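Throw the hints in and build the complete structure from the sequences for me.
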Amino acid sequence: MAGSSNGRVVPAAYPPPVDSPREFIKRGLDGEDELIEVGVAIVGGGTAGLACANRLLQLLADDPETLERLGEVPVAVLEKAKTCGGHNLSGAVMRPQALQELYPDLSREDWRKEGFAFGEVDKEAVYMLPSAKSKIRIPPPPPFKNHGNEVISVAALARYQQRIAEEAGAYILTETAATQLVVEDGAVVGVRSGDKGRGKDGEPLGNFEPGTDIKAQATVLADGCWGSLTGAAIREFELDESREPQVWELGVKEVWKVTRPLDRLIHTIGPWPLKLSKRYGQIGGTWIYPMKDERTGDDLVSIGFVVDLEYADATTSAHDLLQQFKLHPLVRGILEGGERVAWGAKALPGGGYWSMPKLTMPGALLVGDAGGMVDTVSLKGVHHSILSGKLAAEAIYDQLTRGVPLESYEQKIENSLTGKELYEVRNTRQPFQMGFIRGGPLVNLAIATKGKLPPGRWPWHKNDEQGMFIGKTADSYPRPDNRYTFDKLSSVFITGNATRDDAPNHIRVQRSVPREVAETWKWMCPAGVYEIPEDAPETGNVDVIVNYTNCVQCGAITAKGGRLTPPEGGDGPLYTIT
2 MAGSSNGRVV PAAYPPPVDS PREFIKRGLD GEDELIEVGV AIVGGGTAGL
52 ACANRLLQLL ADDPETLERL GEVPVAVLEK AKTCGGHNLS GAVMRPQALQ
102 ELYPDLSRED WRKEGFAFGE VDKEAVYMLP SAKSKIRIPP PPPFKNHGNE
152 VISVAALARY QQRIAEEAGA YILTETAATQ LVVEDGAVVG VRSGDKGRGK
202 DGEPLGNFEP GTDIKAQATV LADGCWGSLT GAAIREFELD ESREPQVWEL
252 GVKEVWKVTR PLDRLIHTIG PWPLKLSKRY GQIGGTWIYP MKDERTGDDL
302 VSIGFVVDLE YADATTSAHD LLQQFKLHPL VRGILEGGER VAWGAKALPG
352 GGYWSMPKLT MPGALLVGDA GGMVDTVSLK GVHHSILSGK LAAEAIYDQL
402 TRGVPLESYE QKIENSLTGK ELYEVRNTRQ PFQMGFIRGG PLVNLAIATK
452 GKLPPGRWPW HKNDEQGMFI GKTADSYPRP DNRYTFDKLS SVFITGNATR
502 DDAPNHIRVQ RSVPREVAET WKWMCPAGVY EIPEDAPETG NVDVIVNYTN
552 CVQCGAITAK GGRLTPPEGG DGPLYTIT
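For the sequence shown, the residue numbers in the numbering used here are 2 to 579.
Please note that the accuracy of each hint is not assured.
Computed list of lysine-lysine pairs in DSS-like fashion (alpha-carbon distance at most 30 Å, straight line) [what the hints assert, rightly or not]: (1) Lys451 <-> Lys124; (2) Lys453 <-> Lys463; (3) Lys276 <-> Lys523; (4) Lys463 <-> Lys451; (5) Lys258 <-> Lys124; (6) Lys293 <-> Lys146.
Just so you know, the hints here were simulated from the structure itself, not pulled from any lab data. As the structure is a prediction and not an experimental result, all values here were calculated from the model.
In structure tokens form, the structure reads like this:
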């Protein structure tokens, strides 16, 4: 069968209608009277992009000559959300070193006063869950040893970084999507911001505002793990040559206000509620993190489920698996009497060291998730984002002041804590492609030997090349009771999603696809974007309904046969405490 693997339907055989270089690369700048000139343009106001902005402004504060050469706007940050951090979501337990280096005058007590940190980890527990009722406590594997780390809100950290950057002179353009990378004579010379005020069919409405070319002496792509500009740059400059393909994971997270404080960090590593059989291809894990809001006095917990997007059963749903997980006695006892106050979803790069693209190109570089800098073994990425942003700023400053090529950033990353940590777990996740039972011992070996065994370079294949079938994972999902378990649409509601009903569609998928692909999208999407009509045939092709205004821009569709493209600035969720 065409588009099949071992008799299963492969999503990659039904690619989205997207021509990345043609759509997201602009050849040449507009005339001088029609563009904005800045010193350094940073695409993305998350932790990586803002770390870059803050570090660069620290360096420029002691160098008025270079600051003047960068013009009236030395640093500009383009952020598509309503505020920096509005689309940011993470576990999140952070190793403190990178933030301490970036803001050396800020104590950890100051972090808590600023509202983005909730306490130092001093107790932790790791459980295996053999079934829906049982648990076995195990010694924490090395990746899950978090003593001394900090529980934080990534959204709140980004808002803090935004404030510090603006006080130092950065120009923060929120509600501004960067939709094209501007390339001239083989080098990146800036970006173009997206139009605003277009209707469903692209027609200009009464409040229409055209986008603008933003010319920059250096450009930083911090647009996340599915960034359209990063994707276009990778193709344009062949940044993935000799690299493994990027693979993805999807995390769904809730924050609960609880009646009793949780006194320790908790991780579970399954196998429940996932299926052990290699046929299903399911790998994932959970977290429960204690948080204390010092301003309100509320005791909170962050609870989340992460699943590799390598799975084969089309009915696998990270959102519904989280709802199921919350009914385990271990979890229900923590949440009893509590109230859900936040929900969110986000994809993250899971390929690690071998899947990281080349991080520089003429005129631009990649930081954070855009460069694939996440350790999915330990669920850590925030300190890598901060450190990469800091090192990027130093590389840009070296170029501006001493003519050092931007490529120096590559070696800075390689020699850093980020390069070391990612290299040690370089072959840690790939064995799970063999299944949980067969791959687990090799994963443990890789962790114990810090990557020395198994030797060599273990390959990946793209998630959308996995053959899909309609299995039975969904049979065990609980019905929403609106007390402990909730449906997708009520969850989207509490994100503050503000996408206009008449906004242009920012999601690209083929509308007529095999039932297996349609079911994959329907179950995978945590926001209920994809629907299958009730009268659709049980086999063969079906016509998919795309409710794109529900989208929380998690990006998972990009991994399984579709494409998330830049929305209008200001659309999407507004995360606050996640």
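Satisfaction of hint between lysine 146 and lysine 293, Cα-Cα up to 30 Å:
Roughly 21 Å separates the two Cα atoms, so the pair holds.
Hint check: lysine 453 vs lysine 463, CA-CA at most 30 Å. Holds or violated?
Given pair lysine 453, lysine 463 holds - Cα atoms ~24 Å apart, limit 30 Å.
Pair hint outcome, lysine 276 versus lysine 523 [Cα-Cα no greater than 30 Å]
holds, 20 Å
Check whether the Cα positions of lysine 451 and lysine 124 lie no farther apart than 30 Å.
Measuring from Cα to Cα gives roughly 24 Å; hence the hint holds.
Decide if the proposed pair is consistent with the structure: lysine 463 and lysine 451, CA atoms, cutoff 30 Å inclusive.
The given pair, whose Cα atoms are some 25 Å apart, holds under the 30 Å limit.
With the threshold set at 30 Å, check whether the alpha-carbon distance from lysine 258 to lysine 124 stays at or below it.
holds, 20 Å
When each numbered hint is compared with the structure, no violation occurs for any of them.
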